[in-house]
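S.K.: Okay, here's what each chain looks like letter by letter:
Protein chains: 2
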Amino acid sequence: MWVPREPGQRWWQREVRRRLPVLGWLPRYSLSCLRLDLTAGVTVGLTVVPQALAYAEVAGLPVQYGLYSSFVGCFVYCLLGTAKDVTLGPTAIMSLLVSSYAFHDPAYAVLLAFLSGCIQLAMGLLHLGFLLDFVSCPVIKGFTSAASITISFNQVKNILGLQGIPRQFFLQVYETLRRIGETRSALSLPKAHPWGCAFVTSPPPIFGSPREELPASSPDTSHCRAGDAILGLSCLAALAGLRAMKNRLHPAASTEPLATRASIPLVRSCATARNALVVLAAGLVAYSFQVSGSQPLTLTGSVPRGLPPFRPPPFSKAVPNGTVPFGRMVQDMGAGLAVVPLLGVLETVAIAKAFASQNDYRIDANQELLAMGTANILGSFFSSYPITGSFGRTAVNAQTGVCTPMGGLVTGTLVLLSLAYLTSLFCYIPKAALAAVIISAVVPMFDARIFRTLWRVKRLDLVPLCVTFLLCFWEVQYGIMAGMLVSGILLLYSVARPPIKVLEQGVLLVQPGSSLHFPAADHLRDIIRDRALAASSPCFVILDGHHITSIDYTAVVGLAELLQDLHKHSISLVFCSLQDPVLRTLLAADLEGFRHFPSWEEAARCSEAELEVSRTACIDSTGESSLLPAGLIQ
Amino acid sequence: MWVPREPGQRWWQREVRRRLPVLGWLPRYSLSCLRLDLTAGVTVGLTVVPQALAYAEVAGLPVQYGLYSSFVGCFVYCLLGTAKDVTLGPTAIMSLLVSSYAFHDPAYAVLLAFLSGCIQLAMGLLHLGFLLDFVSCPVIKGFTSAASITISFNQVKNILGLQGIPRQFFLQVYETLRRIGETRSALSLPKAHPWGCAFVTSPPPIFGSPREELPASSPDTSHCRAGDAILGLSCLAALAGLRAMKNRLHPAASTEPLATRASIPLVRSCATARNALVVLAAGLVAYSFQVSGSQPLTLTGSVPRGLPPFRPPPFSKAVPNGTVPFGRMVQDMGAGLAVVPLLGVLETVAIAKAFASQNDYRIDANQELLAMGTANILGSFFSSYPITGSFGRTAVNAQTGVCTPMGGLVTGTLVLLSLAYLTSLFCYIPKAALAAVIISAVVPMFDARIFRTLWRVKRLDLVPLCVTFLLCFWEVQYGIMAGMLVSGILLLYSVARPPIKVLEQGVLLVQPGSSLHFPAADHLRDIIRDRALAASSPCFVILDGHHITSIDYTAVVGLAELLQDLHKHSISLVFCSLQDPVLRTLLAADLEGFRHFPSWEEAARCSEAELEVSRTACIDSTGESSLLPAGLIQ
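Just so you know, the sequences run in chain order A and B.
Per my numbering, residue 1 is the first one in the first sequence, and the count goes up by one each step.
Per my numbering, residue 1 is the first one in the second sequence, and the count goes up by one each step.
One should not assume that every hint holds.
Where chains are identical, the list cannot tell them apart; a pair therefore holds if satisfied intra-copy or between any two copies.
Heads up, simulated EDC-like pairs for lysine to aspartate or glutamate below, C-alpha to C-alpha not over 16 Å straight-line [what the hints assert, rightly or not]:
| hint | residue 1 | residue 2 |
| --- | --- | --- |
| 1 | Lys317 | Asp526 |
| 2 | Lys458 | Glu601 |
| 3 | Lys353 | Asp526 |
| 4 | Lys458 | Asp580 |
| 5 | Lys353 | Asp447 |
No lab work stands behind these hints: they were computed from the structure.
All chains should be modelled from the sequences, with the hints used to inform the complete structure.
M.R.: Next comes the structure, spelled out in structure tokens:
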């Protein structure tokens, strides 16, 4: 734990410390920590700048919005976060969601960030962090795998230089495959155009729901495709190579020559900052083409210079024919207002938990909610779109040995510096290079083995996995909701139909496998009743409650009815091995004819005695006997 | 069981028999059965006719709609029902719901019956009967208790002769109490008016949602109140007296004089048909006032004569300024389309189960759904509003010894005969008498003891009870939904936070109290991790899985992470007493470092051996020992 708790503090001191985790680590901050945090912060910064530009593209927003979204989270998390490794910022999945719900319109995206922040903050204040437990592993896996495919494929058009591809996944696949020939034909006649398509940015956002990107208006943009494809594939190859290199690098043994030993850290740094390097190289290539007067690449286009203005998020939006009021904007975003904040929190908490477990500290899910909420609300004042914890950058942060959340401060500063001084250079970044950055970031998220693992371990869990995975290609939110619904139904089914062992050994021994809650009450009653009536009479039923840890009133009523019911058929029902709370509940209910034995053996002994008496009574009886079960007379 | 199953039937024969239970009992129908069914059918008929008129009033519809709704259900259930005692028809609670969702408009009410029928039929065909298990006992109790108060209070205005009382419960209470003085003042100056207010029927239904009844326009109606109040209270007293008499009647002992013995069956018949008798008497009183030329009572008013026309339910509705299309009507009814069919099924199945248990036969919940659905769909062709099983009349049916569902045929015929020949007499029935019939029918549904019982037995279940009870006064559907939601949350909470016993006896023994599902995965991991790290090291954790009957993939992942996590701290985690399916799942998952022992003793022996070795290794160690837990070196 990196936030130590001290005994003997007053409650408000503890509360302030819990709400401002920075107070825990700042007083004991050391110079060696600063060195590590600086390195980590700069490394993450070199990753976040190109990724931010690329993810803005995924979200369908102008590229500068990626950078606007990248610094507030770092600063806020530094003060409020409970996990040293986590870095907040734009991510691939969140960008995908934003592209669904913000209609490629910055006003919607910023308002969505504000509202999501409010919801997350409220969840944190209400201690609703436990709700995240209800998102099961198969749902998360199905979602991330589908998202990695969707996001990657969404970038294929940038790599191939295709334009006018629809947003819907299946149409996108169809169109891309149909028009892949265009790339090839364009490859055969590369023709340079000075600035011809250098600034073909995405079409300006239109109010409404522009679910498809408009086809590029100028037909001569097709000339650019050859260059894009070559550059994109080269960048992909470079990124994959650097990544593979990094994974294979081992610390140099002392027996190796000095040159090898010296080069290893260099290679490692290059591999870690590979996104920045590749983008830088691609930018240089584009710049040299530019200088030489020809430009075969689609570039990012001009990025407004400077820091974002500080202003409240847009609570209404001016359109040519009037104003879109707040209510209408909220209505337009619809389910996004539930999906975006929830998924944001889910991603952050999942990442925080993973690294907390790896690096051996504890996180506080509710505090994470507060941090996320504050970051999104504050961010929306700096034109940020919804942000969340980034798995890739958090991993980079952890690997470079970040010591405290101070690393975020460095990263945030680096983003601000880029915004202030480097935006004029960003226009030279080829779109294909950014696409390669995104693809190489999300492809590892696809987990094909999960299908095989689940088949082997728990086949039933394949249902929520497949439902989530398949529906996510249609619409991400439907996939997640359907997956949660399916896993919820499976969960409730297991509660409603608990395993009930029934053994017939002279007496009927019934052993419910778990607690008895109201959906199971009728089921248990029916099973016992049917088996008892079907058994050879006179019958004796022992309900072994040693797996029952709790019971609710509906189940108690069910047992009371069962007792009466069996009594009418002269069948005895006794209970054994009930746990204390359950026994207390049943005693309080004052069931008619309720008998309990501490152990199954005692219950069996009682049953034998009783059956013996009834058998004797039956044989000896010359008239009516009160011991004689009614079932024998009739 | 009154529907015997014969072995050796083909599957389609069995299927036809299951879908048409009448085939089971009709072939063996006897004359003695006919005699019993005739008596029961006539008795129920004498109850249903006055109740139908009264419940139509509750539903805010013209009185004849009560009778229109009372015969189709009887006929259909005779063919398709699986419970001999149940009679379908208008009920107090369903009428209350109809008044909420049909806006006092017959067109809406009939369409609601049709659509509810379709939904119930679909539920039956899809075998969704098990969904009813998710309505817990406290929710049902809270709802019926609140409904009994709401419905009774709704009739107080008719008894006191007050007009223009709003529909909303709280406003109703306020207005009734405020204006109760009017009754008193009216009592002091009774002044007869020939036909003055004889036909003050409810105001004509207006399109939209007339949530409040319009105040009566003619101020001279206040003259009627004295008569209404006197008659209403007398009827209530008579009904209560007859009811009490019936409950106290014992079979005559042979020692009693003949007159006593002869009079007892007579009194019993009177008590059973008390509704019909009271309404008949009140009608005679009203008729004599009418003949004498003065009328101090508010009467039911003219009832259209004859059977309802056979025609499809209205899929659109003509209003003065156009047509209300189907879609709009559906939209207007909104949540009613879920609440009405579900509650109808719930009521029927609950009643059927209760009487099946009492009279010792089985019902088939899905077949009940089919019967209900068909009855509502067919009923809507005869202008019926949604119907369901009636607790009161089913009890009457059972008490008079009905033998087969043939009794329903008799009841239905009686209703048809009333419609054909008696409607001209119905106009003389005073509204106050019908109000007394309703009140005496619903008051016994209020169960005050349930609050005390739950406080004693299971306090947590008071939460859904109180939520349902209180919210039902606001809107019935909110009450039921909130109650189901609360009990669902309590259920999920118990799944997410299963009881986990932790014992520290040298080793840490952890025993989860129930199966491990995904919402509990993190919780279990955190508990074990915290306790293991807090314990005096070196530590050994034994997870006793003997209450775990199933485990899902998320929980398996949680355990895998826990194993790794503890391994890093040199803490051993072993499993013991796992049930077979759980063990298979964990073995399939191939967890790193997974060890299992059949019993807790063996696990403890292993732990002792291991701890001994590590202790020895620690003492003996002069250098690095592979046996030495890392935690001891650092």
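S.K.: Since the copies are identical, ignore which copy is meant and state whether Lys458 and Glu601 lie within 16 Å (CA to CA) inside a copy, between copies, both or neither.
M.R.: Intra 36 Å, inter 29 Å, cutoff 16 Å: neither.
S.K.: Give the relationship of Lys317 and Asp526 under a CA distance limit of 16 Å: within one copy only, between copies only, both, or neither.
M.R.: Cα proximity of Lys317 and Asp526: none, with 61 Å in one copy and 46 Å across.
S.K.: Indicate which option fits the pair Lys458, Asp580 if close means a Cα-Cα distance not exceeding 16 Å: within, between, both or neither.
M.R.: between (33 Å within a copy, 14 Å between copies)
S.K.: Can you give me the call for Lys353 and Asp526, within, between, both or neither, at a CA distance of at most 16 Å?
M.R.: between (44 Å within a copy, 11 Å between copies)
S.K.: Pop the pair Lys353 and Asp447 into one bin, within, between, both or neither, using alpha-carbon distances up to 16 Å.
M.R.: Neither. Shortest intra-copy (19 Å) and inter-copy (49 Å) distances fail the 16 Å Cα cut-off.
Against the hints set out earlier in the document, violations occur for numbers 1, 2 and 5.
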